[in-house]
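Peer 1: Residue strings, one per chain:
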Amino acid sequence: MNDWVIAIIKVVFIWVWTLLVAVVMTWVERRGAAMIQDRLGPNRAGPFGLFQPLADGIKLFTKEDIIPANANRILFILGPILFSLPAFSAYAVVPFGDKIVIAGKEIILQVSDVNVGFLYVVALGSMAVYGVIVGGWASNNKFSILGGLRSTAQLISYEVPWGLALLAAALVYGTFSLREISIAQQGTFLGFLPNWGIFRQPLGFLLFIVAAYAEANRVPFDLPEAESEIVAGYHTEYGSMRLGLYLFGEYVNLCTLSALMVTLYFGSWHLPYLNMEAFLGPISYGIASFLVFFLKVSFFLWLFVWVRWTVPRFRYDQVMGLGWKSLIPLALANLFVTALAIQLTV
Amino acid sequence: MTMDLLKGVSNCLGPLVVASGEFRGDVTVEVPKARIAEVLARLRDDPNLAYDFLVDLFGVDNLDLYEKAAKPKKKTEGEGDAAEEPKPAGPPPPRFEVIYLLLSLSTNRRLHVKVRVPEDDLSVPSVTGLWKAATWPEREVYDMFGIRFPGHPDLRRLLMWDEFPAHPLRKDYPLEGRGEERILRYE
Amino acid sequence: MEAYTGSGWLLTRLEQLVNWGRKRSPWPLPYGTACCGIEMMCALASGYDMARFGAERPSFSPRQADVLIEAGTITKKMTPILRRIYDQMAEPKWVIAMGACACSGGVFRTYSTLQGIDHVIPVDVYVPGCPPRPEGLLFALLKIMDKIDMEHPLRGEISSLVEGK
Amino acid sequence: MVNECVVNAGHSTGDYVTINIGPSHPAMHGTLRVIAQTDGETVVKADPEIGYLHRGVEKLGEHLTYHQFIPITDRLNYCSAIANNVSYEMAVEKLMGLEVPEKAQLIRVIMTELARIADHQVLVGILGVDLGAFTPFFYLIIQREEIYEIFEWYNGARLTNTFGRIGGVEADLPDDFDARWRELRPNLFKAIDETDKLLTHNRIWMDRTIGVTAFSPEDALAWGFTGPCLRACGVKRDLRKDEPYGLYDRFTFDVPIGKNGDVFDRYMIRMKEMEESIKIIDQAYAMYQEMAPDAPLMAKVPKVIKPPVGEVYHATEAPNGELGFFIKSDGSDKPYRIKIRPPCYMVYQAFPELVKGEMIADLIACLSSLNVIAGELDR
Numbered sequence: 050m051n052d053w054v055i056a057i058i059k060v061v062f063i064w065v066w067t068l069l070v071a072v073v074m075t076w077v078e079r080r081g082a083a084m085i086q087d088r089l090g091p092n093r094a095g096p097f098g099l100f101q102p103l104a105d106g107i108k109l110f111t112k113e114d115i116i117p118a119n120a121n122r123i124l125f126i127l128g129p130i131l132f133s134l135p136a137f138s139a140y141a142v143v144p145f146g147d148k149i150v151i152a153g154k155e156i157i158l159q160v161s162d163v164n165v166g167f168l169y170v171v172a173l174g175s176m177a178v179y180g181v182i183v184g185g186w187a188s189n190n191k192f193s194i195l196g197g198l199r200s201t202a203q204l205i206s207y208e209v210p211w212g213l214a215l216l217a218a219a220l221v222y223g224t225f226s227l228r229e230i231s232i233a234q235q236g237t238f239l240g241f242l243p244n245w246g247i248f249r250q251p252l253g254f255l256l257f258i259v260a261a262y263a264e265a266n267r268v269p270f271d272l273p274e275a276e277s278e279i280v281a282g283y284h285t286e287y288g289s290m291r292l293g294l295y296l297f298g299e300y301v302n303l304c305t306l307s308a309l310m311v312t313l314y315f316g317s318w319h320l321p322y323l324n325m326e327a328f329l330g331p332i333s334y335g336i337a338s339f340l341v342f343f344l345k346v347s348f349f350l351w352l353f354v355w356v357r358w359t360v361p362r363f364r365y366d367q368v369m370g371l372g373w374k375s376l377i378p379l380a381l382a383n384l385f386v387t388a389l390a391i392q393l394t395v
Numbered sequence: 771m772t773m774d775l776l777k778g779v780s781n782c783l784g785p786l787v788v789a790s791g792e793f794r795g796d797v798t799v800e801v802p803k804a805r806i807a808e809v810l811a812r813l814r815d816d817p818n819l820a821y822d823f824l825v826d827l828f829g830v831d832n833l834d835l836y837e838k839a840a841k842p843k844k845k846t847e848g849e850g851d852a853a854e855e856p857k858p859a860g861p862p863p864p865r866f867e868v869i870y871l872l873l874s875l876s877t878n879r880r881l882h883v884k885v886r887v888p889e890d891d892l893s894v895p896s897v898t899g900l901w902k903a904a905t906w907p908e909r910e911v912y913d914m915f916g917i918r919f920p921g922h923p924d925l926r927r928l929l930m931w932d933e934f935p936a937h938p939l940r941k942d943y944p945l946e947g948r949g950e951e952r953i954l955r956y957e
Numbered sequence: 002m003e004a005y006t007g008s009g010w011l012l013t014r015l016e017q018l019v020n021w022g023r024k025r026s027p028w029p030l031p032y033g034t035a036c037c038g039i040e041m042m043c044a045l046a047s048g049y050d051m052a053r054f055g056a057e058r059p060s061f062s063p064r065q066a067d068v069l070i071e072a073g074t075i076t077k078k079m080t081p082i083l084r085r086i087y088d089q090m091a092e093p094k095w096v097i098a099m100g101a102c103a104c105s106g107g108v109f110r111t112y113s114t115l116q117g118i119d120h121v122i123p124v125d126v127y128v129p130g131c132p133p134r135p136e137g138l139l140f141a142l143l144k145i146m147d148k149i150d151m152e153h154p155l156r157g158e159i160s161s162l163v164e165g166k
Numbered sequence: 003m004v005n006e007c008v009v010n011a012g013h014s015t016g017d018y019v020t021i022n023i024g025p026s027h028p029a030m031h032g033t034l035r036v037i038a039q040t041d042g043e044t045v046v047k048a049d050p051e052i053g054y055l056h057r058g059v060e061k062l063g064e065h066l067t068y069h070q071f072i073p074i075t076d077r078l079n080y081c082s083a084i085a086n087n088v089s090y091e092m093a094v095e096k097l098m099g100l101e102v103p104e105k106a107q108l109i110r111v112i113m114t115e116l117a118r119i120a121d122h123q124v125l126v127g128i129l130g131v132d133l134g135a136f137t138p139f140f141y142l143i144i145q146r147e148e149i150y151e152i153f154e155w156y157n158g159a160r161l162t163n164t165f166g167r168i169g170g171v172e173a174d175l176p177d178d179f180d181a182r183w184r185e186l187r188p189n190l191f192k193a194i195d196e197t198d199k200l201l202t203h204n205r206i207w208m209d210r211t212i213g214v215t216a217f218s219p220e221d222a223l224a225w226g227f228t229g230p231c232l233r234a235c236g237v238k239r240d241l242r243k244d245e246p247y248g249l250y251d252r253f254t255f256d257v258p259i260g261k262n263g264d265v266f267d268r269y270m271i272r273m274k275e276m277e278e279s280i281k282i283i284d285q286a287y288a289m290y291q292e293m294a295p296d297a298p299l300m301a302k303v304p305k306v307i308k309p310p311v312g313e314v315y316h317a318t319e320a321p322n323g324e325l326g327f328f329i330k331s332d333g334s335d336k337p338y339r340i341k342i343r344p345p346c347y348m349v350y351q352a353f354p355e356l357v358k359g360e361m362i363a364d365l366i367a368c369l370s371s372l373n374v375i376a377g378e379l380d381r
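Residue numbers (our numbering), protein chains in the order written: chain A, 50 to 395; chain B, 771 to 957; chain C, 2 to 166; chain D, 3 to 381.
Hints in this document: simulated from the structure, not taken from any laboratory. No residue lacks a Cβ here, since even glycine has one placed at the ideal position from N, Cα and C. Careful: at least some of the hints might be erroneous.
Taking lysine-lysine pairs in the PhoX-like style, the calculated list, with each CA pair at most 25 angstroms apart, reads [claimed, not checked]: (1) D:LYS305 / B:LYS838; (2) B:LYS902 / D:LYS47; (3) D:LYS238 / B:LYS902.
Some chain D residues well away from chain C (every beta-carbon gap over 12 angstroms; in silico) [said to hold, decoys possible]: (4) ILE21; (5) THR40; (6) ASP41; (7) THR162; (8) LEU186; (9) LEU241; (10) PRO310.
Isolated chain A (complex conformation) (with noise of 0.2 angstroms):
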């Protein structure tokens, strides 16, 4: 019974903090650009503008539901659904700390430690595109179809690279578990590093890096909603609620990234050089280790903000070719490179 109220407090934790996260994001997304470009940015809606996600979501729930006449009237329902579930439930299996002990007890900070996953959250990840797919054939408009084909291409392009990057982690670590990978990053590597992902992973985590920045459809992969050539891309014909939904679901897959980043190869929640466990109390390292962990996911998510405001996008042809000519080429490498050096040191 008692794991059973944990389980759910743990759950409804992570659910209100990645909404929080990713209500936040749209805030810091304007901010930010605003900041980058020299203006102030919306600063009308409550202090520092901060109640701003608010508003757009009052006004977007209360905006008339359109339904184009041509449309597919249940896939386009279905889209931003499809879009936005995968992407909260890939968080379940990211560890947000290391452990808390209240009265006893130990709870680990993770809504399910599965052995396996790596492999769920690429299965999710990959399930994201379906929500563009469907959005944008369902609207029966070509900027849509459009858009969604662009997305397809560069998702499945790009999910290549990124599960081989994961996958020669993964030969590091020699576990599928997250959590494991987590732990096993405390201390230091050759010495004088972190022991963190980064540092035995560096090409690998270049390669995700980028190929997140696809699967998040950012600049400079942004080419599905591609303002200038595309108009919305396969968010075209939806307005009110349903496209808060695409937008929304949009950053808590900024989240998600950022979070399987550091969880990757920016060490969780170890701070490098330092056992926090050794000199805190079971519940302030809980904290702590939680906050650290929140601090580095909000550096990547801000990472996210910086490149968007900075960078032109790439075109069409180009992010197939980044993709298929560069990258899973790197990829393999790295990966054989990994392995053959496994092989060798064991």
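Please build the complex by placing chains B, C and D on the supplied structure of chain A, with the hints as guidance.
Peer 2: For chains B, C and D alone, kept in the frame of chain A given last:
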């Protein structure tokens, strides 16, 4: 300098020059309408003149000008009524002009070549074969004056919508239009 | 039942919340056809920064926009397209006619120019000027916000629901 | 039949998909429309449709007096209204045979070059936005606001300036031009520099622009290209150098040219021309400072302008290329016929040729780099 230019042009074109003039340094030659393509080709290929760049091409409606000349005292104010007024006696001079602005990139000299188009034969041979630059200007002249250009690859209206009933830059078309509205059928 | 209909407390509060949301997030559809489009750009850019009022994320898809900023001349050739764009926008929607041409045709009293977009679509705020300064557009946006404040978005729906039962 | 392609852009035929881009499309600048036949992402055929901003300017000109037409010219290329004003005024002055005082000409040069900078800033900014890089646009617009301030404080309008009069200019440069220019000048360099750093050597930017919609000089001349688009193809032609009007023969400046005539070259030409324009302003302002403070600003012009019967064509180098005014006078106070030769009209008609076989994203990049301003395109 302009005299040299005029001489050079008449040497090149010979009897094709119907009339020529000069105003503020701009030299204008008038040539017969039917042979405009030949004239422009000759001007372009002549090594001394080398008018190798078509700057622009446009039409002029001389309706009011002739009416004013016929009745110098009374100035017509409303162009809308001008069409209904009786034409002056005698064979009317050609109503429209099409003017070609040429430029020589090597010598930086310009030349206006003019053809006159009577109202009963609204067609001028197309020069799109010589310069692709003439494509849209010819369409525009067709749109605005109704002058056709046989030989043009795609002579459609350019600025007004396809069903527009008039040619707006003609002098007998009122400035504020005749109340045309564009109606689109949605599917 | 009283609380849900008429000017009950709950309804009024809810309406205020909805109005606040709409007011703070008027996503524009920047339909800049001519000179005013450049001034509209300036209003969106750093110097004037319309995003302060939440009017960010220019939505070129009419489905996603709230405020149609019609900046510039509408010719008769364009008229049906403007009408269609307006029709495609989801309720609630507002229209700003920016500039003399959009308001009345401006200096272009000619055969091809529509003499004011209010011949084809309803306009909420007119901004005079040829072109108006970006401040003019910002003021128009504030006027739209005032207008939103005076609306009762839920009243009609809820009372018809209640009375229907 | 004619109607079917209007809003719904026709139906796809055969193997190709017809995509209607515009007129309300983020990259179409409000009033352009391209009906593209595409094979996947590749454009097989593009058919631009114009006229959505045809306001009847030429017809209107026949009903306005010579002075009244100046404000209408503002609304041709609204990114650089002053260049249009000056071009029109010079055409009328040529028609009248007027000699404009030197000081007025210097003021014209200063203002025209400022307008050129403002125009190029918009182009570069919008090109960035259309390729997905939003930030340079904002950096450029900030400096553009400062140029606007100079305009505004000279004649009261930010955008549609109605600068100058036939026969001269209406007012002397205000006293604190010196201070303002000294403040603006480094900022302009800074904005150009920042944009340069953000874009020019950015790998993605280079991939997106170099070699995209390249055009040969022969084709460019046959299609009637002028201005930066022609220079990008490698033809050194600038009316300020080749047919110097006004005082342009007194200034030293370079005419940057490109090699391939692709989007990157068009972008680079604009970036370099901004710097050249600053050079010209420096020289013109130095010459202006040497003039007597009470030197005349206007030629002797009658109250009512009635030019002699005749027809003239006068062209100037507007930011987009050769902007020419053909004016036919019948001796009355109104022009008998005004024909405007807009620079981007000729450039844009080659659009189908330019984008054939390129991708949809390139179509957008190409359109932006041509700087098609609907106001002067459709008139």
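Peer 1: Far enough from chain C: is every CB of that chain over 12 angstroms from the CB of ILE21 of chain D?
Peer 2: ILE21 of chain D clear of chain C: closest Cβ-Cβ about 15 angstroms, beyond 12 angstroms.
Peer 1: Measure nothing beyond the straight line between the CA atoms of LYS238 of chain D and LYS902 of chain B; if it is 25 angstroms or shorter, mark the hint as holding.
Peer 2: holds, 21 angstroms
Peer 1: Is it true that the CA of LYS305 of chain D sits at most 25 angstroms from the CA of LYS838 of chain B?
Peer 2: holds, 24 angstroms
Peer 1: Taking 12 angstroms as the cut and beta carbons as the points, is ASP41 of chain D off the interface with chain C?
Peer 2: holds, 25 angstroms
Peer 1: Quickly compare the C-alpha distance for LYS902 of chain B and LYS47 of chain D to 25 angstroms and report which way the hint goes.
Peer 2: Holds, because 17 angstroms separates the two Cα atoms, which is no more than 25 angstroms.
Peer 1: A cut-off of 12 angstroms on Cβ-Cβ distance, and THR40 of chain D was said to be off the interface with chain C. Does that hold?
Peer 2: Given a closest Cβ separation of 19 angstroms, the condition holds.
Peer 1: Determine whether the non-interface label on THR162 of chain D survives the test: each CB of chain C must be over 12 angstroms from its CB.
Peer 2: violated, 6 angstroms
Peer 1: Quick one: work out the minimum CB distance from LEU186 of chain D to chain C and report holds if it exceeds 12 angstroms, violated otherwise.
Peer 2: holds, 14 angstroms
Peer 1: May I ask you to check that LEU241 of chain D keeps its beta-carbon over 12 angstroms from the closest beta-carbon of chain C?
Peer 2: Holds, because the least Cβ-Cβ distance between LEU241 of chain D and chain C comes to about 25 angstroms, which exceeds 12 angstroms.
Peer 1: Please confirm whether PRO310 of chain D is truly not at the interface, meaning its C-beta sits more than 12 angstroms away from all C-beta atoms of chain C.
Peer 2: Holds, since 28 angstroms exceeds 12 angstroms.
Hint compliance for this structure: hint 7 is the single one not met.
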